[in-house]
Each structure stands twice: as structure tokens, then as C-alpha cells.
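Colleague: Take a look at the letters that make up each chain.
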Amino acid sequence: MAADAVSDEELLRSFIAGSDGSFTELMRRHEDRIFNLAFRMTGDRSDALDATQDTFVTAFRQAATFRFDSAFGTWLYRVGINACHDLLRKRKRWALQSEDETEREPDRAAVDLDESVAARLDLTRALAELPPEYREAVVMHDLGGVPYEEIARLTDARIGTVKSRISRGRRRLAELLEHTAPSTGSKDVT
Amino acid sequence: MNNTDHERCSELLRDHTQGRLDAAEHDWVESHLATCSDCRAEHAAVALLGAGEVAPLTEIERVRLHRGVRTATSSIPLTSVAPARASARGGRLLQILGTAALLVMIGGFIYTSGLVGGGLDSDDGSGQGGGADSGESFEAPAPVQEGGAEAEGLTTDSGAARSGEDRALPQPSFRRSLGTVTGKRLNKLGREGLPLVVFSRAYRVEQVPDLQSEFRDQLATAAGSHEEALRECSDLVTEAFANALPAYGALATLERLGGEHVLVLAFAWTDQSEGPLDQSMVWAWPLGDCAQPVEYFKNVIQPKG
Numbered sequence: 369m370a371a372d373a374v375s376d377e378e379l380l381r382s383f384i385a386g387s388d389g390s391f392t393e394l395m396r397r398h399e400d401r402i403f404n405l406a407f408r409m410t411g412d413r414s415d416a417l418d419a420t421q422d423t424f425v426t427a428f429r430q431a432a433t434f435r436f437d438s439a440f441g442t443w444l445y446r447v448g449i450n451a452c453h454d455l456l457r458k459r460k461r462w463a464l465q466s467e468d469e470t471e472r473e474p475d476r477a478a479v480d481l482d483e484s485v486a487a488r489l490d491l492t493r494a495l496a497e498l499p500p501e502y503r504e505a506v507v508m509h510d511l512g513g514v515p516y517e518e519i520a521r522l523t524d525a526r527i528g529t530v531k532s533r534i535s536r537g538r539r540r541l542a543e544l545l546e547h548t549a550p551s552t553g554s555k556d557v558t
Numbered sequence: 010m011n012n013t014d015h016e017r018c019s020e021l022l023r024d025h026t027q028g029r030l031d032a033a034e035h036d037w038v039e040s041h042l043a044t045c046s047d048c049r050a051e052h053a054a055v056a057l058l059g060a061g062e063v064a065p066l067t068e069i070e071r072v073r074l075h076r077g078v079r080t081a082t083s084s085i086p087l088t089s090v091a092p093a094r095a096s097a098r099g100g101r102l103l104q105i106l107g108t109a110a111l112l113v114m115i116g117g118f119i120y121t122s123g124l125v126g127g128g129l130d131s132d133d134g135s136g137q138g139g140g141a142d143s144g145e146s147f148e149a150p151a152p153v154q155e156g157g158a159e160a161e162g163l164t165t166d167s168g169a170a171r172s173g174e175d176r177a178l179p180q181p182s183f184r185r186s187l188g189t190v191t192g193k194r195l196n197k198l199g200r201e202g203l204p205l206v207v208f209s210r211a212y213r214v215e216q217v218p219d220l221q222s223e224f225r226d227q228l229a230t231a232a233g234s235h236e237e238a239l240r241e242c243s244d245l246v247t248e249a250f251a252n253a254l255p256a257y258g259a260l261a262t263l264e265r266l267g268g269e270h271v272l273v274l275a276f277a278w279t280d281q282s283e284g285p286l287d288q289s290m291v292w293a294w295p296l297g298d299c300a301q302p303v304e305y306f307k308n309v310i311q312p313k314g
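Note that the protein sequences, when read in sequence, are chains B and P.
Going by our numbering, the first sequence opens with residue 369, and the numbers climb by one from there.
Going by our numbering, the second sequence opens with residue 10, and the numbers climb by one from there.
These aren't lab readings, by the way, just hints derived from the structure by calculation.
Among the clues, some could well be false.
To be verified - Straight-line alpha carbon distances no greater than 20 Å define the calculated SDA-like cross-link-like pairs of lysine to any residue that follow:
1. 531/B x 281/P
2. 531/B x 14/P
3. 458/B x 81/P
4. 193/P x 307/P
5. 307/P x 458/B
6. 531/B x 41/P
As the list claims (entries may be wrong) - Some, not all, of what chain B presents toward chain P, calculated at C-beta under 7 Å:
7. 407
8. 425
9. 426
10. 541
Said to hold, decoys possible - To list a few chain P residues with every Cβ distance to chain B over 12 Å, as calculated:
11. 37
12. 270
13. 301
If you're wondering where the values come from, they're calculated on a predicted model, not measured in any experiment.
The C-beta atom is built at its ideal place from N, Cα and C for all residues, glycine as well.
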């Protein structure tokens, strides 16, 4: 039977029962998606790789706690978001210090930052500014494509609450990004 | 405009930015956005969140990721995952014994036919180095002119120390000096090189856990002063590809890099959970730098008819 014909949940059961190869297969299936999430949240490939690794290590540790009442991929995505949050928290002190230094002595590399990279960094900072429950819902839905119902189940919230968090989180994100935009003055956000 | 419109628009925004709406929904969202600054703000955030392609993991990043996870989880007690895991490892030996007789027959034929040995084809036109140990029948390669493995007594058939039936199974082989090679030749080694063809016929994935370290150690011992480097590079691969069985190693110079010395390792493997090792990987690293492979090929092993 081809490996892909086996569901994630069957692989997880197999792993819990003793098959290390099953976990490797789960990693193979999800590592690109988790890395994509981590890169969008951290804005840095090295950090994204670290967060991806942390995600799978946590999944390894907590495999037996999976309740099989949601998709494994969704559960793993939430583990990934938490791993990114943890990593960003660790980086925060360094980032603030780095910004202080930049103010004192402008760094040519920073000035020459590609616009898209700068936008990504702004987005990362803005995401970090969101209230955790907003950030989690926005990331899961808008980055991960997790449906409202699934997010509600994973976060033990009502679906209306999830929709509200996503909507408010997006607007707050837009406000934060407007403040970090290089141009000044009011502008229409489109 | 009312809350229902806001909610509907909010729900459609992600699909809107990804072009997944039908014409009617698309037009409705556009008309709503034109009149609603809140939803325009949401739209801007969604568009930015989905903007830009993220380059996929490179093979090197993938290997590092797998290695990191394996290292980090190796210290986690199996019982902390689930008690049942600890007892599940014992069945592998039985699986191997179940196929042993057939493998002995196949391996015996291969071994006594003198097919085990080096195994680089040399049709890349370079005319340099390459070739295989004498006694190899693969594409009648040119013999190594100097520094060849046999001349140095370093051709490794670690099975020489074995006895009885085990001797019939192919062992990994190591070439001390392979001369200058090209990527094309390394690719061909993985596709139809004799060591890999032999391994694919002789071994099944069920045997890999019991043989992987042993074969790595055989190659490492044969690598002499590069023993540690070979061990490290091999571990890097097998930690990422648990089903990879070291089959062949060599020291060579790489034409593409102006003759830089490299360590070549070839593995038979499969992405299936059972069955023969029907695929190959060939890696080349600068000596002493396993973190930066300079060549990497995956192939389905396809012996020439």
C-alpha cells in the first residue's frame, strides 16, 4: 500500500504503537506547510526552520495527547503557531535591542532592505502586536486555511467568536501596518 | 450596509484574494469593498498575509530539519510517548529471518559472480578516473590507473571477516581514489551503478535498521583518516532518511568544482514501509564539511537490461 494512502491519523496511531517510520512520514507530509507558516510568522528562514523543528519535536512529545477528534494537520498547525510564538518571544529582546542600535547608527543594509522583505518584517512585528487570541485565529485561518469550525473546536470558542476575532484581528493588523508604512499621512487601505 | 454584509464579506475575503470566488461573489465583494472602509482594511491585511511565495525547503534544510528533530527526540523516553512503543521494536528480527533464505540465495549468486565492488560508469567523456575495481562487470569501466582501492589494499568488503552464509550477502564497498567525477556520473551511479543494483536486489527495507550502522561503520573504517567525516555525513543522511542503507563510498575530485576533493556516499533506500530498496541517493561533500553537500541525486534504481 502506498504510504500516501494511509491517513495522518492512522500514521499517528502507528507511531504511538511503536513505528518511528510513521512519524517520519508524518513529518514528510507536513514539513513544507509548517515551514511555510513559520516563515510567514517569523520572516526569517533560519528562525522558520527552528520553529518547524520545535513543532515536530513537540508533536513527537505530545502525540499521545492527540484526541483524534480533529484533523491531525490542524492540530499540528496549532502546535506550529505556538512554536512560532515561543520563538518570537525569545527573539523579542534581541529584536528590540537591535532596533535601538539601528536608531543610533543607521545600518546601510537596513536602509537597502528590499521592499518586500521590509513589508514582511513589518507584518511579523504587527502580528506579534495582536492579542494572542486574535493572532491565533488570523494565522490559522488566513495563513493556514483552517476553517472557522475547526478553529472553534481547537480553541474551545464559539464559531461567532472565531469570526469576530478574525475580523477584528485583520483590522487591527491593517492599522498597525499603516503606522509602520513608510509614507505619512492618511491613505486609503486597498 | 449592515452587519450581515460585513460578516459575509469577511468570510469571503480569503477566497477573494486567492481568486476562488465565482463571478457573482467576486462582484459582490468588490462592490462592498468600494463602500466599506472596515472591510477594505480587512482586505488589505488578508492580501498581505497571503502575499509572496515562500521558497520551499531546500534539500539541505530538509536534512537539517530531520536531523534536528531526530536528535531532539532521541532523548525522549519512548514510554513518554506511549508505553506500547517500547515493546514494538522486537519484531524486526523475525521479519528479517523470514526473508533470509531468499536473500542468501540472491546474495550468493551476486557475490560469487564477482559483482560486488565499486561501480561508477564512465560515459561522461571525461576519461578521467572513475571506473571500478577489477572484477566488476558494470559497463566495462576503465581500470583505475593509480591509487586505486585494490592497489592500496583498501577495497572494502567488510564481509571478509564474516563467516558462513553472511558472506553471501553483498557488503558496502569503498574506493579510496575514484579520480575526477562529474555530476552526470554520480547521477548514473545512483540510477544503475552496480553497488546500488546489487543492494536493491539483496536487501529489503525491513533489514535497514539492523544493518545501517554496521554498513556505515564498515565504510568509515575503510575511509581511514576520513573515518569521522564519513560517519558524520552518513548519519546526516540516515537521520533524515531512516530507510537509507549505506552501499558505497569513495574519495574523488569533482570536476565542476575544479577538482575539489569530495567524499561520495551512495545509499540504497525506499520511501515505502516494506519491500526492496528500489531507490538510491548519491551525495558528495567537500572533505570535512558534511553541512554543505555539493552534489545530491535521488533515483529509482534501474539496472540496464
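Colleague: All hints, please: hold or fail.
Modeller: Status of each hint after checking the structure:
1. 531/B x 281/P: Between residue 531/B and residue 281/P the Cα gap is close to 42 Å, so the pair fails against 20 Å, i.e. violated.
2. 531/B x 14/P: holds (13 Å)
3. 458/B x 81/P: Judged against 20 Å, a Cα distance of about 19 Å means the pair holds.
4. 193/P x 307/P: holds (12 Å)
5. 307/P x 458/B: violated (38 Å)
6. 531/B x 41/P: holds (18 Å)
7. 407: Status holds, d = 5 Å.
8. 425: holds (5 Å)
9. 426: violated (10 Å)
10. 541: For residue 541/B, the interface hint holds, since the closest Cβ of chain P sits about 4 Å away, which is under 7 Å.
11. 37: holds (17 Å)
12. 270: holds (29 Å)
13. 301: holds (15 Å)
Checked against the numbered hints given earlier, the structure breaks hints 1, 5, 9 and satisfies all the rest.
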